[in-house]
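*Asks:* One letter stands for each residue in the lines below.
There are 2 protein chains.
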Amino acid sequence: MAAALMATTAFAADPFPADLRETALATFKALPSTTRALANNPITSEKIVLGKALFFDPRVSASGVFSCNSCHNLATGGDDNLETSIGHGWQKGPRNAPTVLNAVFNIAQFWDGRAEDLKAQAKGPVQAGVEMANTPGQVIATLRSMPQYVEWFSAAFAGEADPVTFDNFAKAIEAFEATLVTPAPFDAFLNGDDAAMTSEQKQGLTLFMDKGCSSCHSGINVGGEGYYPFGLVKRPSTDVLPEKDKGRFAVTNTFDDFFVFRAAPLRNVALTAPYFHSGKVWDLKKAIAIMGTVQLGEELKEEEVELIVAFLNSLTGKVPDVAYPVLPAETTATPRPVSQILGK
Amino acid sequence: MAAALMATTAFAADPFPADLRETALATFKALPSTTRALANNPITSEKIVLGKALFFDPRVSASGVFSCNSCHNLATGGDDNLETSIGHGWQKGPRNAPTVLNAVFNIAQFWDGRAEDLKAQAKGPVQAGVEMANTPGQVIATLRSMPQYVEWFSAAFAGEADPVTFDNFAKAIEAFEATLVTPAPFDAFLNGDDAAMTSEQKQGLTLFMDKGCSSCHSGINVGGEGYYPFGLVKRPSTDVLPEKDKGRFAVTNTFDDFFVFRAAPLRNVALTAPYFHSGKVWDLKKAIAIMGTVQLGEELKEEEVELIVAFLNSLTGKVPDVAYPVLPAETTATPRPVSQILGK
Chain A
1448 MAAALMATTA FAADPFPADL RETALATFKA LPSTTRALAN NPITSEKIVL GKALFFDPRV
1508 SASGVFSCNS CHNLATGGDD NLETSIGHGW QKGPRNAPTV LNAVFNIAQF WDGRAEDLKA
1568 QAKGPVQAGV EMANTPGQVI ATLRSMPQYV EWFSAAFAGE ADPVTFDNFA KAIEAFEATL
1628 VTPAPFDAFL NGDDAAMTSE QKQGLTLFMD KGCSSCHSGI NVGGEGYYPF GLVKRPSTDV
1688 LPEKDKGRFA VTNTFDDFFV FRAAPLRNVA LTAPYFHSGK VWDLKKAIAI MGTVQLGEEL
1748 KEEEVELIVA FLNSLTGKVP DVAYPVLPAE TTATPRPVSQ ILGK
Chain B
1448 MAAALMATTA FAADPFPADL RETALATFKA LPSTTRALAN NPITSEKIVL GKALFFDPRV
1508 SASGVFSCNS CHNLATGGDD NLETSIGHGW QKGPRNAPTV LNAVFNIAQF WDGRAEDLKA
1568 QAKGPVQAGV EMANTPGQVI ATLRSMPQYV EWFSAAFAGE ADPVTFDNFA KAIEAFEATL
1628 VTPAPFDAFL NGDDAAMTSE QKQGLTLFMD KGCSSCHSGI NVGGEGYYPF GLVKRPSTDV
1688 LPEKDKGRFA VTNTFDDFFV FRAAPLRNVA LTAPYFHSGK VWDLKKAIAI MGTVQLGEEL
1748 KEEEVELIVA FLNSLTGKVP DVAYPVLPAE TTATPRPVSQ ILGK
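Quick note, the sequences are listed as chains A and B, same order. For the first sequence, this note's numbering begins at 1448 and goes up steadily by one. For the second sequence, this note's numbering begins at 1448 and goes up steadily by one.
These are calculated hints, taken from the structure and not from any lab test. Just so it is clear, CB atoms sit at the ideal spot from N, CA and C, and this is done for glycine as well. Check each hint, because a few of them may be wrong.
[What the hints assert, rightly or not] Part of the chain B face toward chain A, derived, beta carbon under 7 Å:
(1) Leu1521
(2) Ala1522
(3) Leu1529
(4) Ile1533
(5) Gly1536
(6) Leu1718
(7) Val1769
(8) Val1773
(9) Thr1779
(10) Ser1786
Extracted from the complex, chain A is given alone in its bound form (with noise of 0.2 Å):
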């Protein structure tokens, strides 16, 4: 009798199939709750150190402006909240900037996975034109030439006889940045705690894996598992999907990896407006009913759409606490910065 009645106030306040938790687990997985191992890169305290102070310095960058944090700030959901990021010399990215946040459990990175890592990823934009604009002689230069790093990196990579690479300067980053992991509600009702999701955001959890949003978005980010053509019933708008920017295919030479991205991870995805690797979608359900459009070829009603959001708020997770850095001083031997545009 007391069962019953349990039973069924629970049933009143909060109703939700009773698979719920198993099929979602089918799907998708809670964050792990030690730091993932990394391939040929074991992270280690002094390795997390050396990382954090590489993430935040903007001297890595040619012109002194930008650090990494710049454009996946970890104040701001990881990302810069940007259409695409501004770069070196005023320059605009080609793309979005992705949320740095849990990005260690997609299974590469950049929005075309042309990076098969966090360290492969972490040499890109340094020496990207329109974003650092630097060299790796010229990072390692400028690290070489302050004491602290120094000593930074031969504590990080104990052993190496040169210590400061701009290899080990990637892994260091990889190491910080594998620690950038945010539990959400929604881990907490994977691990089966029935109370850390609202009967909104099971609803919306419903739907998500009924619409087939899921089929793409799975796995432990919600997404950024697998690659999919960016409309797969109807191709986009061109302002959101430009024609220029042919993504995957890029990387593959493949004719089938036309407009083909890698699904978006979508833990923290209400913090990371505008949205798209064009940046051109800046309101979450706009973003949702064009899915709905082109991925599923279904217009999504108002209040699916809403139920959606109320699921994808339950991702937004609690960022780790982060002490702002000290950086090293630099000394006379730090090459100086450098704003010109080159070719300028």
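Please arrange chain B on chain A, whose structure you already have, making use of the hints.
*Replies:* Same frame as chain A, now just chain B:
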């Protein structure tokens, strides 16, 4: 006998004039042990929390790229280590960004003292076309669009009918900045710890006072307390003192203020290259030599310069621990970033 032996030992290890501390205390002051009270702006923990968020928030700039911390970076001595800062549209500012660390103790803010305090200062760069290029109205619209900011303003300015104002924005930033104080070995020495400074640093301190540097660089901030002509004895070269920047003349319209600037506060000067309002000198030794020539009319010897550098190193202090903030999430009502340069 024991006392005599001890005195001899101390003398041999670290000889310095018995009255050095007393002499120094007639010219300098140690940092106070509590946060300085602000005029018309009582400091509360709520105001500091809000002010820290605002200080780190790039969305107070029109482009969404620059925060206060971009040019006054707490990771790199409270400044940006650039000749002059890069701002909106990659424009270059007219003068070197001064450090925000200990700035609360300066007689007034900016190189020409045109802002009477930090809350007046905070309103400047936000509106400067070459810096953040924003307007008070747009800043307030941005902050009001985020419920978390409205809550924080309400808590920090409790009892005010309309707490989210540009004045309160500036007051909160001032309250946070007032906490950015960096106790240094020099303070410990002034407070009675003989061992806090090395023998070279004490010799440098003696020289700094004997040569007359401390005539202008005095007080809590070892500078920042008064206005003096740059080129008291001899006009510096035009690369270091560009002719078009007339200094405090632009503030007072007084002929006597031609090329007059606030004496640079020297705390953490070892971290804040390049030097002078023009930012044209990268080597602290060279900056000291120039000051000898143009302010004191004396060619300082190499070893004298080195002792003064040693003293200045004793002004490098401990930056307070700052937890990197997680900022309020944008809403669909948040004004979008504008990266265009006005008139282009």
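*Asks:* So, against the hints stated earlier in the document, which numbers end up violated here?
*Replies:* none
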